[in-house]
Each structure stands twice: as structure tokens, then as C-alpha cells.
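Whole structure, please, built from the sequences with the hints as guidance.
Protein chains in written order, with the numbering used here: chain A, 1 to 97; chain B, 1 to 97; chain C, 1 to 97; chain D, 1 to 97.
Hint data in this document are derived by calculation from the structure and do not stem from the laboratory.
Just to be clear, a hint being listed does not mean it is correct.
One copy or any two copies: either way a pair holds, since identical chains are not told apart in the list.
What the hints assert, rightly or not - Pairs of lysine-lysine residues, derived as BS3-like cross-links and limited to a Cα-Cα distance of at most 25 angstroms, are as follows:
no., residue 1, residue 2
1, Lys85, Lys62
2, Lys92, Lys21
3, Lys21, Lys85
4, Lys40, Lys92
5, Lys62, Lys40
6, Lys21, Lys62
7, Lys85, Lys40
Protein chains: 4
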Amino acid sequence: MISSISLQILPLGENRGENQKRVAVIDRVIQFLQAQSDVKLMVCPFETVLEGDYHRLMEILKEAILLAGEENSNIFANVKINYGKILSINEKLQAYH
Amino acid sequence: MISSISLQILPLGENRGENQKRVAVIDRVIQFLQAQSDVKLMVCPFETVLEGDYHRLMEILKEAILLAGEENSNIFANVKINYGKILSINEKLQAYH
Amino acid sequence: MISSISLQILPLGENRGENQKRVAVIDRVIQFLQAQSDVKLMVCPFETVLEGDYHRLMEILKEAILLAGEENSNIFANVKINYGKILSINEKLQAYH
Amino acid sequence: MISSISLQILPLGENRGENQKRVAVIDRVIQFLQAQSDVKLMVCPFETVLEGDYHRLMEILKEAILLAGEENSNIFANVKINYGKILSINEKLQAYH
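The following block contains the structure:
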């Protein structure tokens with residue numbers, strides 16, 4: 001079933017006090033997400049939104065956290081999941097963009 | 001101090017089971033946010049992101065929830081607040097848009 | 001690796017305007033979570049917090065959303081994931097409970 | 001109107017890589033919240049939940065972020081707001097505690 005999730009990565013571990021270093025972890029995760037050709041993606045200021053098959057999205061989510069964990073010792077992530085008869089990204093944004 | 005917040009409104013009250021009716025509440029809140037000329041705004045699939053003075057943003061947030069509460073009997077809101085030496089919306093998105 | 005996640009289920013679909021009906025979906029998910037004997041669990045007002053092996057937690061999360069989706073046509077979920085050198089539920093709460 | 005909010009503080013700024021230092025900021029905020037005698041409070045693993053008058057809660061929220069900002073240069077906060085005909089903390093937890 002087509003679902004929509006969002007992911008925000010907040011690296012909390014050592015040596016990440018500088019914005020630049022935190023952003024490097026986040027960028028690597030976004031690059032990983034962009035490389036998934038079977039999902040639609042939109043990068044937003046606080047989170048990246050993905051649309052696609054529910055099982056694929058949950059697989060991608062699990063991998064994305066593991067990837068962030070390779071870069072930083074303590075990863076916090078905010079995730080939103082919308083499942084069922086949902087509105088698509090396009091339907092949500094057509095009135096505003 | 002310049003801050004950044006995001007707001008997602010989820011109307012949980014009566015007669016809001018249909019996507020169309022929930023969206024009407026959300027649309028009214030976004031129109032209110034767009035009318036605030038002293039803040040920068042970006043509508044995203046799961047949330048609307050605002051950038052501006054911290055005290056103004058908190059005032060706008062308080063009003064936005066009250067406005068949603070006029071339309072629906074039970075309002076749930078997800079809010080993110082970023083305060084201090086933060087990255088701007090432009091700095092976060094320049095590599096991706 | 002031991003991780004910690006939280007899950008909040010917000011049923012948005014039809015016939016769920018009444019608090020009572022929304023709570024029935026949430027209760028069924030919490031009962032499912034409580035039945036997982038290999039994870040630690042704490043029910044909080046806005047979310048249920050789980051602690052255990054990362055891969056098990058992600059499996060449980062995926063199942064919990066599917067279960068909620070059987071009860072309601074449109075499921076929204078807030079999820080927090082903490083992975084790496086994290087503080088345990090006990091370490092976080094010992095000063096306050 | 002009686003409302004319920006939750007607040008999670010995530011200090012992202014310099015010198016906060018160690019869990020101990022992040023926790024010191026969080027503890028100071030929780031002590032501030034506990035000192036507000038006109039709201040009900042529950043400390044949870046990922047967030048502190050408050051129940052009370054909507055306008056008071058929004059005032060406390062605004063102060064809590066400012067307080068955290070005195071301790072750390074970049075504060076990220078997750079906030080949930082529930083407004084209207086809501087369930088109380090007690091109603092939500094009575095079946096589970």
C-alpha cells in the first residue's frame with residue numbers, strides 16, 4: 001500500500017556540536033534516501049518526506065538509521081508514518097506550490 | 001532572535017473522518033500563517049515551517065491552535081522549535097532545491 | 001544494539017471522531033506491544049516507549065502500524081527512534097520517579 | 001481551557017556531545033517545569049507531559065525554551081499540543097498504570 005513517511009535525523013553524539021558536522025551526517029542520509037529509485041522524495045527544512053510502498057519505506061527507514069549510526073555515536077530520529085487512505089504529497093501541496 | 005518552528009495540525013474531533021474535512025481545518029490555519037507578513041513560510045507535506053523572531057513565532061503558534069480549535073473540537077498539533085545559532089531554511093535547502 | 005523507540009498512534013479515518021473510538025484502536029496497539037516479551041515497555045500519555053534490540057523494535061513498529069490499519073482507514077503515527085550509545089529508560093527516569 | 005502539551009528538549013549546540021552534558025540542560029528545564037505549581041506534570045523517557053490552562057502552558061513552553069537557550073547555543077524541541085475536548089493524563093493512563 002502506498003504510504004508516506006518523514007524522517008528527521010538529529011545526531012546527538014560526540015564531536016557534533018558544530019552545525020557543519022551535524023549536517024554532514026544528515027547529508028549522507030539524504031543522499032542515501034535520494035538513491036532509492038522506487039520512492040518519491042521531498043527534502044524539507046526539518047525532515048525529508050518519502051512516498052512509496054509501505055514495506056519498502058520501513059526497510060529504507062531501518063537502513064537510514066543504521067547508516068546515520070555509522071557516522072555518529074548517538075542518533076535521534078523523528079519519524080512520521082501515514083498509512084492507509086492517505087493524501088499524496090502532490091495532493092497536499094498543489095494548493096500551495 | 002531568529003528562530004524556526006514547524007506546525008502540523010491534526011484535527012481529531014467529530015465529523016473529521018473524511019480527508020476533505022480535515023484538510024479544510026488545515027487550510028484555514030495555513031492561510032492564517034501565510035497572512036503573517038513578518039515571518040518566512042514554507043508549506044511541506046506534513047508540516048508548515050516558519051522562520052522569524054522567536055516571540056512572534058510563539059504568538060503565531062498560540063493563535064494558530066486557537067483558530068484550529070474554532071473549527072474542530074479536538075486539535076492535536078506536532079510542533080518543532082529550533083532556537084539559538086540555527087541554520088536558516090535557505091541554508092538547509094540550498095543543496096537540494 | 002539496544003535502542004529505544006516511542007510510538008504514538010493517531011487514527012484519522014472515518015468514524016473515529018469520538019474519543020472512545022480512537023482509544024479502541026490505540027488500546028489494541030498497546031496490547032500488541034505489551035505482548036512482545038522481549039522488549040521493555042512504558043505507556044505514557046502521548047506515546048508508548050519501547051526498549052530492546054533495534055531490529056526487533058523496527059519489526060514490532062512495522063507490525064503495530066499494520067495492526068492499527070486493520071482498525072482504521074487512515075493511520076498517522078509519531079515515532080521517535082534513539083540508536084547508539086543511548087540512555088536507558090531507567091537512567092532517564094531515576095531522578096524523577 | 002484545559003489542555004495537554006509535551007516537551008522534549010534536544011540540545012544540539014557545542015560541548016554537548018556527552019550524554020551527561022545534554023542531560024544537565026534537560027534537568028534544568030524539568031526543574032523549571034516542576035516549579036510551576038498550577039500545572040500537572042509527568043516526566044516520561046522522551047518528553048515531559050504537562051496538563052493545565054492552555055494560555056499558561058504556552059507561556060511555560062515559551063519560557064522553557066528560553067531557559068534551555070541560556071545553557072546551550074542551539075536548542076531543538078519537539079512539542080505536542082492537544083487542545084479542546086481532550087482526554088486527561090489520568091484518563092489515558094488509568095488502564096495501564
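Consistency of the hints with the structure:
{"no.": "1", "hint": "Lys85 / Lys62", "result": "both (23 angstroms within a copy, 17 angstroms between copies)"}
{"no.": "2", "hint": "Lys92 / Lys21", "result": "between (33 angstroms within a copy, 13 angstroms between copies)"}
{"no.": "3", "hint": "Lys21 / Lys85", "result": "between (39 angstroms within a copy, 14 angstroms between copies)"}
{"no.": "4", "hint": "Lys40 / Lys92", "result": "both (14 angstroms within a copy, 20 angstroms between copies)"}
{"no.": "5", "hint": "Lys62 / Lys40", "result": "both (17 angstroms within a copy, 20 angstroms between copies)"}
{"no.": "6", "hint": "Lys21 / Lys62", "result": "within (22 angstroms within a copy, 28 angstroms between copies)"}
{"no.": "7", "hint": "Lys85 / Lys40", "result": "within (17 angstroms within a copy, 32 angstroms between copies)"}
The structure fails none of the hints (numbered hints given earlier).
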